[in-house]
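Start from the sequences and build out the full structure, keeping to the hints where you can.
So the protein sequences, as listed, match chains B, H, S and U. Using our numbering, the first residue of the first sequence is number 7, and each one after it goes up by one. Using our numbering, the first residue of the second sequence is number 7, and each one after it goes up by one. Using our numbering, the first residue of the third sequence is number 7, and each one after it goes up by one. Using our numbering, the first residue of the fourth sequence is number 7, and each one after it goes up by one.
These are calculated hints, taken from the structure and not from any lab test. Some clues are possibly wrong.
If chains are identical, the list can't say which one is meant, so a pair holds when it fits in one copy or spans any two.
[To be verified] Derived lysine-lysine pairs resembling PhoX-like cross-links, with alpha carbons at most 25 Å apart:
id	residue 1	residue 2
1	30	118
2	262	118
3	295	118
4	110	295
5	30	42
Model, not experiment: these values are computed from the prediction.
There are 4 protein chains.
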Amino acid sequence: MWMLCQTNDELKEFVMEAKKCTKKGKVADYIPSLGKANPEDLSIAIHYPNGNCVEAGDIEKKFTLQSISKVISLALVLMDRGTDYVFERVGMEPTGDPFNSIAKLETMAPAKPLNPMINAGALVVTHMIKGNSVEERFQRLLSFVQELVNDTNISFCEEVARSEFKTSNLNRALVYFLKQHNIIDEDVEPLIDLYTKQCAIEMNCYDLSKIGLVFAMDGVDPETGKRIMPIDIARICKTFMVTCGMYNASGEFAIKVGIPSKSGVSGGIMGAVPGRFGIGIFGPALDDKGNSIAGIKLLELLSQNYHLSMF
Amino acid sequence: MWMLCQTNDELKEFVMEAKKCTKKGKVADYIPSLGKANPEDLSIAIHYPNGNCVEAGDIEKKFTLQSISKVISLALVLMDRGTDYVFERVGMEPTGDPFNSIAKLETMAPAKPLNPMINAGALVVTHMIKGNSVEERFQRLLSFVQELVNDTNISFCEEVARSEFKTSNLNRALVYFLKQHNIIDEDVEPLIDLYTKQCAIEMNCYDLSKIGLVFAMDGVDPETGKRIMPIDIARICKTFMVTCGMYNASGEFAIKVGIPSKSGVSGGIMGAVPGRFGIGIFGPALDDKGNSIAGIKLLELLSQNYHLSMF
Amino acid sequence: MWMLCQTNDELKEFVMEAKKCTKKGKVADYIPSLGKANPEDLSIAIHYPNGNCVEAGDIEKKFTLQSISKVISLALVLMDRGTDYVFERVGMEPTGDPFNSIAKLETMAPAKPLNPMINAGALVVTHMIKGNSVEERFQRLLSFVQELVNDTNISFCEEVARSEFKTSNLNRALVYFLKQHNIIDEDVEPLIDLYTKQCAIEMNCYDLSKIGLVFAMDGVDPETGKRIMPIDIARICKTFMVTCGMYNASGEFAIKVGIPSKSGVSGGIMGAVPGRFGIGIFGPALDDKGNSIAGIKLLELLSQNYHLSMF
Amino acid sequence: MWMLCQTNDELKEFVMEAKKCTKKGKVADYIPSLGKANPEDLSIAIHYPNGNCVEAGDIEKKFTLQSISKVISLALVLMDRGTDYVFERVGMEPTGDPFNSIAKLETMAPAKPLNPMINAGALVVTHMIKGNSVEERFQRLLSFVQELVNDTNISFCEEVARSEFKTSNLNRALVYFLKQHNIIDEDVEPLIDLYTKQCAIEMNCYDLSKIGLVFAMDGVDPETGKRIMPIDIARICKTFMVTCGMYNASGEFAIKVGIPSKSGVSGGIMGAVPGRFGIGIFGPALDDKGNSIAGIKLLELLSQNYHLSMF
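Here's what the structure looks like:
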């Protein structure tokens, strides 16, 4: 079978090259726990359908999913509620605004978040996770993540969740605004609790590359042969990863890299090369849009050298 | 001494004329308690420095101050903190946006509310009321109102306060946004509690005209001779009443009426004709900007007939 | 009769004090001709109804009216067309946006400029000046200015007009936008020609103080006893001078100074103290809002020392 | 070789189905010439690399490219100037705003259009077409289109060009705004002349499907074997077709259809299924976003039945 990189050594060279730009980035410091990350870290795992995995860097190092979790909760909610229900409450359009913007909610009528990858939309998605309590809903989400990774040890980082819960004022503003417009009708604190736990789900590059692989294979885990989500939901998720997966740098990323990807402010990036493989990256130094600066560079190098763009 | 209207009968005719347009307005229904008001009500009291008062309509009927309270809390806070402190945290500029808009907070840097008459700015003002607890701060504000009216029976309507507390989601969104930008640093629920009580302070037209009179007389209660606020603070308040007192219809009102005034969604309007008299109006049918539709008409008639415009 | 300053010497001291802050400002350089002004200049003339005039600085130095002309063209157009016609096409509300902003035209429906003091609104006003040609319309406006100053020598600076005509791209953008929305229906270049000539009308402080005096005296020239505009139009103009005369610093100016005033990027300010006197100021060093930095300081000093605020 | 539809009859059924929704749309009437189109028209041509073509409807009927031309001028300009030069002047990010919006140009700094598919960006692209005169630049663009279609008879509709030239006030506003910010430095009227001619380039479905095929085949015309544009430019164009090709319905279209496509207000849609075939559609009844309502429906049916989504 054809593979991207045959050996870890081949991959390591690209990592060394990409690592150079970590100096231009900086770790997210608006969430205290994230500020402790080492800005020079860069690791990657590439997971093939046959179970092979090539890797470089410290792929055991754990990080929290942050915005990467938005794709996963979207997949769960699409299964829970169906596309019609979901897209009545959150739009499908990319936006040129920052991920945490509230202004467009006001100028658009009705106040429906433009897409599920900006915070306003992701909060509506998390709101739609079924369950009788925050605990039950979070457990359902976590089980889904464990199923995607095929590892029941995946959990979340309580310290990060707590840290973010305390500093989530902007997200609380978004939720209250959405409550005002009847798009969210649960209490704010439980929803923020659930959302910050979702963002704090923790894993390493290797795990993340397995999730990317499931999306790449249209919802099937090729190692177990098990279908984890319907094909159309996997495709909807990949589409959002292309049009709005990398914050308001998604358009540039689509042109320069062309791999459906989702990043988080922890410095993680999940990639899904359709039909071919999954990618997990961790590089906590961020550019000014909030994407892993070395992670993007690394994906650019791989895309150019191995012709990975889907366009 | 020269007076606007010599008799109640004279005033009553203007009220009858203005009342005709109540049909085009409607009472605020987004706050359940306010929705019960009778849209056909219209009453007015005009208070002269010599203690005389002309009146028309049921001037005993009580209503809550709502946004009218913004001018009063501003006066208190300017005394509590001084102008420099206050205007570092809230601007002095009118805005063409609706009173509850959040968008401009995001597009302007820093996220300082444009003026103390829009909700964002008024919340910052209430945040600055000194005191060790919500109770103490509210008591200080209420005492100030009682002093302005010279009546220790003035209190607040618990039902309205409770009703608004439950539905204040947009205000909570504003406060969380302002907390995110370090303009407000107290907890949200106590502040909303204090703010909704402030808005629920209750009085009748007659009482309100006395507050207008104190502003008209540059901070002195002419009946007692007591100075209740410094002259420059009274003038700052009147200036805001002209530039932003009537929501985003303030410019039109300045041209057509030209009396420093502040309205509330309960249908109240407080007017202060500089050096001459105070006005209290209650007419709960509102126009689409949130101002008492018949109240504005009545002020237009009075301004035209008695040349009250300050311009 | 009571007067602000009895002697030129008294006034000169305030000018010396205000002049200190010229260093913090800078002359407008986006219009090449204006860039040649001396940033240290500051002159003032105060004109009383009895014909007396106190002055300080080089009050013979000529400058162009720029945005000050917006009040004058508004007065002419209100006489030409009536208030209903005019205010169907331009609003009465102040805005927190910069004077040259186009964004709000798009977000508001219909695309009616918020007020006649921002460029979009002023262009609509100039569009409404009656006449069969640009020449005739400009001549009518110029005659009106000559009548206000009572001096038929007032003319315009061709060099400034030409310079601005060449660089008026933002105004052309505004006019095309307004044409698109059917608010303006004449050709763009003639209108820009007329507008840049209007802005280039030239006079000195002394002349400008006479125009201020006519507005102060509700439309009558007290020296000739002639009524130049109806009282209600003079009052509408003064109202706009208070709510939007000093760009998006109007609110602060109303609080700190409280004199109906209109400024231009040439560094001119026209003031009208109702019923008392007219003011003409020239100080070309501007603050970041586009107002004469020393001119504002000077008005603050005068307002505080002589209690000139109308609030 | 595998084909989408083996016969015209197969395709005709989908057209009959899609045609039902033409009643909900309406033809563009803001450009007088376009208003004459028959809203019930719907035609399609699908072009395979082997030269085969299946078709349905009146595929001989000509229409103008309008916004479809934006992709073609972009390809030409990328060849003329290189990607660095081009993307310094126009961005790569999708936007949630309408295609003709000017507001974001003002709120973003610098005033760089977000992408080349909105009008502001397309005007900057057309501005970059090399040549010594409008005639020469248009001839170069037209020759490029003729090369893409492999037909030297392709020309433009003078009536539509003239009609649009007269009504292009919003585009003139955009150009003047961009001139003000030094992003465009040529005269406005020649640029509008060139742009309206570009939009008025005329062809039928069959022709358009051939252009789609060249993009699908990464820049090579499979019938002649000739490379018409470099592979990376073809891919950049396809990426923009996905992220912003269908106005502010691009996100929804990516999810529901998943074919790189570009639409125009004439009712045309060009599709490029990567590596497989090109599509040309004409259906002038538009939805409220400006896309061919039946054309989108038809592409949805085809995508679902033949699994054409690239996601």
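Okay, the hints, checked on the actual structure:
1. Taking the shortest Cα distances, residue 30 and residue 118 sit within 25 Å of each other only across copies (24 Å), while inside one copy they are farther apart (36 Å).
2. For the homomeric pair residue 262 and residue 118, the shortest alpha-carbon distance between copies (19 Å) is at most 25 Å, but the shortest distance inside one copy (30 Å) is not.
3. Taking CA atoms no more than 25 Å apart as the test, residue 295 paired with residue 118 passes in both settings, with 23 Å inside one copy and 17 Å between copies.
4. For the identical chains of this complex, residue 110 and residue 295 are neighbours both inside a copy (18 Å) and across copies (18 Å), given an alpha-carbon limit of 25 Å.
5. In the homo-oligomer, the alpha carbons of residue 30 and residue 42 lie at most 25 Å apart inside one protomer (17 Å), although the nearest pairing across protomers, at 42 Å, exceeds that limit.
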